[in-house]
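A.B. asks: Protein sequences, first through last, are from chains A and B.
Heads up: the first sequence runs through residues 7 to 243, numbered per the working numbering.
Heads up: the second sequence runs through residues 31 to 154, numbered per the working numbering.
If you are wondering where the hints come from, they were derived from the structure by calculation, not from laboratory data.
There's no promise every hint is true.
Stated by the list, open to error - Listed next, the in silico SDA-like pairs over lysine to any residue satisfying Cα-Cα at most 25 Å (straight line):
#  : chain 1 : residue 1 : chain 2 : residue 2
1  : A       : K180      : A       : D216
2  : A       : K180      : B       : P80
3  : A       : K180      : B       : S45
4  : A       : K180      : B       : R141
5  : A       : K180      : B       : A90
6  : A       : K180      : B       : W126
7  : A       : K180      : A       : F81
8  : A       : K180      : A       : A48
9  : A       : K180      : B       : T105
10 : A       : K180      : B       : L138
11 : A       : K180      : A       : T20
All values derive from a computational prediction rather than experimental measurement.
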Amino acid sequence: MQDFVQLWVYLSTTPLFGLTATIVTYVLAQALYLCVGQAPWANPVLWTVLVLAVLLTLSGTPYPTYFSGAQFIHFLLGPAVVALAWPLWQRRAELRQRAAAIVLAGLAGGAAASASAVAIGWALGLPNDLLRSLAPKSVTAPVAMGIAEQIGGIPALAAVFAVLTGLIGAVSGKYLFDAIGGLSMRERGFALGTSAHGIGAARAMQVNADAGAYAGLALGVQVVLAALLMPLVARWF
Amino acid sequence: MAVLTGLAWLLLCQSAGEVLTRLFGLPLPGPVVGMLLLLLALRWPRIRAPVGAVADALLAHLSLLFVPVGVGVMTHLGLLSQYGLRMLMAIVVSTWIGLAVTAVVLRLLLRRRPPSMEPAEQAE
Numbered sequence: 007m008q009d010f011v012q013l014w015v016y017l018s019t020t021p022l023f024g025l026t027a028t029i030v031t032y033v034l035a036q037a038l039y040l041c042v043g044q045a046p047w048a049n050p051v052l053w054t055v056l057v058l059a060v061l062l063t064l065s066g067t068p069y070p071t072y073f074s075g076a077q078f079i080h081f082l083l084g085p086a087v088v089a090l091a092w093p094l095w096q097r098r099a100e101l102r103q104r105a106a107a108i109v110l111a112g113l114a115g116g117a118a119a120s121a122s123a124v125a126i127g128w129a130l131g132l133p134n135d136l137l138r139s140l141a142p143k144s145v146t147a148p149v150a151m152g153i154a155e156q157i158g159g160i161p162a163l164a165a166v167f168a169v170l171t172g173l174i175g176a177v178s179g180k181y182l183f184d185a186i187g188g189l190s191m192r193e194r195g196f197a198l199g200t201s202a203h204g205i206g207a208a209r210a211m212q213v214n215a216d217a218g219a220y221a222g223l224a225l226g227v228q229v230v231l232a233a234l235l236m237p238l239v240a241r242w243f
Numbered sequence: 031m032a033v034l035t036g037l038a039w040l041l042l043c044q045s046a047g048e049v050l051t052r053l054f055g056l057p058l059p060g061p062v063v064g065m066l067l068l069l070l071a072l073r074w075p076r077i078r079a080p081v082g083a084v085a086d087a088l089l090a091h092l093s094l095l096f097v098p099v100g101v102g103v104m105t106h107l108g109l110l111s112q113y114g115l116r117m118l119m120a121i122v123v124s125t126w127i128g129l130a131v132t133a134v135v136l137r138l139l140l141r142r143r144p145p146s147m148e149p150a151e152q153a154e
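If we strip away everything but chain A, and leave its shape as in the complex, we get (with noise of 0.2 Å):
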């Protein structure tokens, strides 16, 4: 037992434990998400989240140490980011022959899910660096940090407020689209890019392929319009 204790002490604290960690509980959350037919509520990030959150707690891991071993797929974020040029590529006829309408959705939804989230964090009376990190909430993590930073925000709660965003989208977008009623898939996947970024795309992804192709379109569009435009808006508050 002696052996075990030592053992666990020296394995929690190398950055083996933090990758293993992420990478099997999400591999078993994509085979359950798998198992119940791609039900939203099953969402594998949402499951690995919770788990990894309550096992660090119980076992007594600091975060620091967990992320020791998570960044390494925590960097390939950037990568991620650079690769989106691989879906704008692949339909760049579509882009070119659809450019304003792609753009002005993209750029309504995008202020509308920022504008509505700042302006009801303020009147439920949140303070004011809270606001500052949830304006960039629609947008991909790594560039939502960068967002927050510039314009006053913490980039670390950014980044929490943009994962939760992508989960509720992803978890709760089909239903919200079926009570709208008359969405084709292209409009429903560049929804999902557009208010829930990454989550929300890779859900897309995995229901129907036109709908991914929309969403990685969204995705890219609203990277590159809301780290031009939101630092400009926010000089005015």
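Dock chain B against chain A, hints included.
C.D. replies: Chain B in isolation, oriented as in the chain A frame:
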């Protein structure tokens, strides 16, 4: 090997993006500039297959990449217990507003195109 070559292209574009952002004080994050650079580089046919291979693999597991940041929620439990419900309300309602506005605006814009353009869409 294709995946490795593709990854090299992604990292090169990201690094070039970081350099350009810092050098010229651009208001865009480095990876976003990297994405725009890769979009230009994809005009060169030789890099398409390797970039496509690694991009498809990365984007297929995109949601895994958000897990480390997501677990970071546990470090903000103090703020969450103080403002949790209000923050959650702001996030949930604004996400729905964003989804609805985007989908409805795109539907309006895509379906108002003149019918003469429809055959072009078929060809694509």
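A.B. asks: Could you work out which of the previously given hints the structure breaks and list their numbers from low to high?
C.D. replies: 2, 3, 7, 9 and 11
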